[in-house]
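Q: Modelling step: build the complete structure from the supplied sequences, incorporating the hints.
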Amino acid sequence: MASLLFAGTAHAATAAPAYKPVLAKSPIYKTGKLGFDSCPEPKVQSGTLDEVKGYLNVVLDCLNAAWEPKVKKAGFKFTKPTMQVIAKPGAQTGCGKFPEGGVQALYCSTNNKITYFASSNLVEEQNDLMLMLVLAHEYGHHIQQLTGMFKVMTPYNRKNEARVLDESRRLELQAECLSGVFTGSVWHSLGRQQSEFDYWVRNGGTGLDLSAIGVKVDNWGEKTHGNAKNTGVWLKRGFDTESAGGCNTWNAPKSQVS
Numbered sequence: 001m002a003s004l005l006f007a008g009t010a011h012a013a014t015a016a017p018a019y020k021p022v023l024a025k026s027p028i029y030k031t032g033k034l035g036f037d038s039c040p041e042p043k044v045q046s047g048t049l050d051e052v053k054g055y056l057n058v059v060l061d062c063l064n065a066a067w068e069p070k071v072k073k074a075g076f077k078f079t080k081p082t083m084q085v086i087a088k089p090g091a092q093t094g095c096g097k098f099p100e101g102g103v104q105a106l107y108c109s110t111n112n113k114i115t116y117f118a119s120s121n122l123v124e125e126q127n128d129l130m131l132m133l134v135l136a137h138e139y140g141h142h143i144q145q146l147t148g149m150f151k152v153m154t155p156y157n158r159k160n161e162a163r164v165l166d167e168s169r170r171l172e173l174q175a176e177c178l179s180g181v182f183t184g185s186v187w188h189s190l191g192r193q194q195s196e197f198d199y200w201v202r203n204g205g206t207g208l209d210l211s212a213i214g215v216k217v218d219n220w221g222e223k224t225h226g227n228a229k230n231t232g233v234w235l236k237r238g239f240d241t242e243s244a245g246g247c248n249t250w251n252a253p254k255s256q257v258s
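Heads up, the sequence shown stops at 258 in full-length UniProt numbering, and the numbers go up one at a time, no gaps.
To be clear, the hints were calculated from the coordinates, so they are not data collected in a lab. The C-beta atom is built at its ideal place from N, Cα and C for all residues, glycine as well. There could be a bad hint or two in this list.
To be verified - Okay, derived cross-link-like pairs now, BS3-like style, lysine-lysine, Cα gap no bigger than 30 Å in a straight line:
#1 Lys43 with Lys80
#2 Lys159 with Lys77
#3 Lys88 with Lys25
#4 Lys151 with Lys25
Stated by the list, open to error - Between beta-carbon pairs, the in silico distance windows are:
#5 Gly90 with Asp37: 36 to 42 Å
#6 Arg158 with Gly32: 20 to 26 Å
#7 Ala18 with Val58: 25 to 31 Å
#8 Lys30 with Asn121: 38 to 44 Å
A: Okay, here's the thing in structure tokens:
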């Protein structure tokens with residue numbers, strides 16, 4: 001598979017720490033169902049880089065059209081993210097060079113840019129649903145950026161690592177949920193089997209991107225993004241609710257964001 005999946009362990013339920021209203025009480029949660037029900041998903045048959053780019057550009061247009069009304073309804077200014085599709089790691093992203101190993105895509109909040117790595121194993125999957133899910137996840141980070149969430153994240157220092165990692169998991173699991181919101185909203189227009197989506201739920205969602213939090217840790221994937229079980233749960237929650245209101249990870253107990 002083109003993404004890395006990490007198994008997790010269950011933890012005792014613990015109440016969520018108190019988070020700022022921009023995170024826990026964002027107006028985006030009250031905008032209702034996404035209400036965007038059709039995306040003309042192109043077929044990826046030959047698996048060429050140009051074909052993957054074409055696919056991602058169409059889906060990005062759908063994401064912009066779907067989320068713009070909701071961002072504006074919530075009272076925020078809407079701007080479109082930019083996107084680059086690369087064939088190998090090392091490209092400049094605005095948040096440093098695109099890393100090697102374990103990363104399919106990333107969103108840089110300093111320049112509102114999505115960088116998507118069209119790796120050979122991704123292209124070999126051709127029409128895998130992962131193409132859409134990963135892009136929708138990174139777009140979820142753009143929604144977080146537009147609604148001011150990135151601005152209030154705790155800066156890292158050695159003494160507050162636990163807090164920073166907790167925030168990172170909540171941020172990433174929310175992006176995964178927002179990916180599910182979009183996918184669920186357009187699902188019936190895609191002509192796909194439900195089993196294609198269920199596969200990703202069972203196997204921990206889209207795996208791991210890298211949203212830089214300024215700290216390097218051992219086993220960074222699970223520590224910064226959450227375990228596979230919770231990732232799948234939040235992906236499905238977004239899919240089922242089709243609403244950002246189902247994606248408030250900031251009010252979730254710690255057991256759901258571990």
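Q: Compare the structure with each hint and give your call.
A: Outcome of the hint check:
| no. | hint | result |
| --- | --- | --- |
| 1 | Lys43 with Lys80 | holds, 24 Å |
| 2 | Lys159 with Lys77 | violated, 35 Å |
| 3 | Lys88 with Lys25 | violated, 39 Å |
| 4 | Lys151 with Lys25 | holds, 15 Å |
| 5 | Gly90 with Asp37: 36 to 42 Å | holds, 39 Å |
| 6 | Arg158 with Gly32: 20 to 26 Å | violated, 42 Å |
| 7 | Ala18 with Val58: 25 to 31 Å | violated, 41 Å |
| 8 | Lys30 with Asn121: 38 to 44 Å | holds, 40 Å |
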